[in-house]
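Heads up: the protein sequence lines correspond to chains U and A, in order.
Residue 1 is where the first sequence starts when you use our numbering, and the numbers rise one by one after that.
Residue 1001 is where the second sequence starts when you use our numbering, and the numbers rise one by one after that.
If you are wondering where the hints come from, they were derived from the structure by calculation, not from laboratory data.
Built from N, CA and C at the ideal position, the CB exists for glycine as well.
Don't take every hint at face value.
[What the hints assert, rightly or not] Example chain U residues on the side facing chain A (calculated, C-beta under 7 Å, incomplete):
(1) 1
(2) 2
(3) 4
(4) 6
(5) 13
(6) 15
(7) 16
(8) 18
(9) 24
(10) 26
(11) 37
(12) 38
(13) 185
(14) 186
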Amino acid sequence: MLVVVSLSIISLDLNGRTHSLTSGVKSVANGAFSPLREGVVDVLNPIGNFLSGALHYGSLKAENEKLQATVGAFRAEKAERNFENTQLSQVMALQNLPFLQSLPTVTAQTQDENSSNFTVTITIDKGRADGVDVGMPVIGAGGLIGQVIQSFHYTSVVRLITDGQSRVGVTFGNGYTGIVDGQGPAAAMTADLVPPHTSLKAGEIMYTSSLDAASFPPGIPVATVKTFHTGAGASQESITVVAQADLNQLAYVDVVQWEPEPSPVNAP
Amino acid sequence: MSARSIVRLTFVVFVALLVQSTVMLPLRFDGAHPDLLWLLPITAALLAGPQTGAIVGFWAGLAFDLVLPTPFGLSALVGCLLGYSVGAATAAVDKRAVWLKPVAALMGSVAADMLFAVLGAVLGQQQMVQIDFLSLFSVIAVSSIILVLPVNRLMRWAVTSEAHRRSLVSAQPAESGLW
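Here chain U stands alone, though its shape is the one from the complex (with noise of 0.2 Å):
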């Protein structure tokens, strides 16, 4: 009997149709949770972070040093590039290509990683109520970490790239495109469907596409080549990427306000 019922739940769940339905229980559910969770979240890290600085003072006082010295660089270069970013803006807007910067963003703060030991994602504590909705693609430090796929009212959960059912069109060269594939945490992301021999070099950076049904918008900075080879006989390069964004990195990200457009209807 209870077999029969939590078929029937994943049934529903996974019907397009009645999804809603689970989602909006996921959705009540999660809004009265996470106060709770928070609050107990906030009793616990002082102490977490007490024991974990104490145990690591040397560390933490040369990272610190080092992170200031990182900022300071940081902005010497947004001075510098304040007036490139002015000329590259206009250029995209007469292209009529979104530009990220000109998109509104949501700063979120991460409230878990992987609270399911299968699959690649963080909780954000961002939700519909604060505009962030199922599709927006989230940037972290360096470029993209992910997207939003389920959205609560108070609370987001964002897929990483690196997640195996991670799918991103992309951009890079002189213009070619392939879809860069999460394999899991286990494994290094591959760049597929790029042609055999195609110009490659190692550290190249792969943008979002505007192509993939526009699923992201373009010029999102998503991984940089590591390896590549074209094997004998295949019918496409094989080419291994990292993450462009410091994936360890994820205490505070950007969700980029922005939805794929809706497919345009066909006439009869």
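Add chain A to chain U, keeping to what the hints say.
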């Protein structure tokens, strides 16, 4: 199952969910974290048999499904199958055996994770079988052996408190009869 047991079980599942999402999630070893969920049906099945194990597994799984990004109902399905299987497999075993709880926790948790991953992949979540199973099983095995005792203590309070009381009450006349 009495109303008191249901209330206590609800409390235990809620506490387990809270501990899982606040304490267990940050305890990450090689990318995997301990999982309290499977220990609930395992201990319930050891204490009160396969039916109670299945019921606890279903409701605990459903509660955990509310906060997991995996398909809704999948943990409930695996939880009730796990609870029933552990209860049925250990029906003929002496429940006082010292090795029973750690072995049941280890084997049950690893088997549940395997089933969870395979069923998830069957349901279209291919990423669920693209993980480092060696790390996952190592973490789950060690943590289950450590955590099964406190979870068993909680579950005993929730499931068998009344049965224990009844057995004590029924034992009293027999003992007094000796005198």
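Structure-based check of each hint:
1. 1: 9 Å, violated
2. 2: 4 Å, holds
3. 4: 10 Å, violated
4. 6: Given a least distance of 4 Å, the restraint on residue 6 of chain U holds.
5. 13: Holds. Min distance 4 Å.
6. 15: At about 11 Å, which exceeds the 7 Å cut-off, the nearest Cβ of chain A leaves the hint on residue 15 of chain U violated.
7. 16: Since chain A brings no Cβ nearer than about 12 Å to residue 16 of chain U, farther than 7 Å, the hint is violated.
8. 18: Violated, because the Cβ-Cβ distance from residue 18 of chain U to chain A comes to roughly 11 Å (cut-off 7 Å).
9. 24: Since the shortest Cβ distance to chain A is 11 Å, the answer is violated.
10. 26: Holds: closest Cβ of chain A sits about 5 Å from residue 26 of chain U, inside 7 Å.
11. 37: 5 Å, holds
12. 38: For residue 38 of chain U, the interface hint is violated, since the closest Cβ of chain A sits about 9 Å away, which is over 7 Å.
13. 185: Where the cut-off is 7 Å and the nearest Cβ of chain A is about 5 Å from residue 185 of chain U, the hint holds.
14. 186: 4 Å, holds
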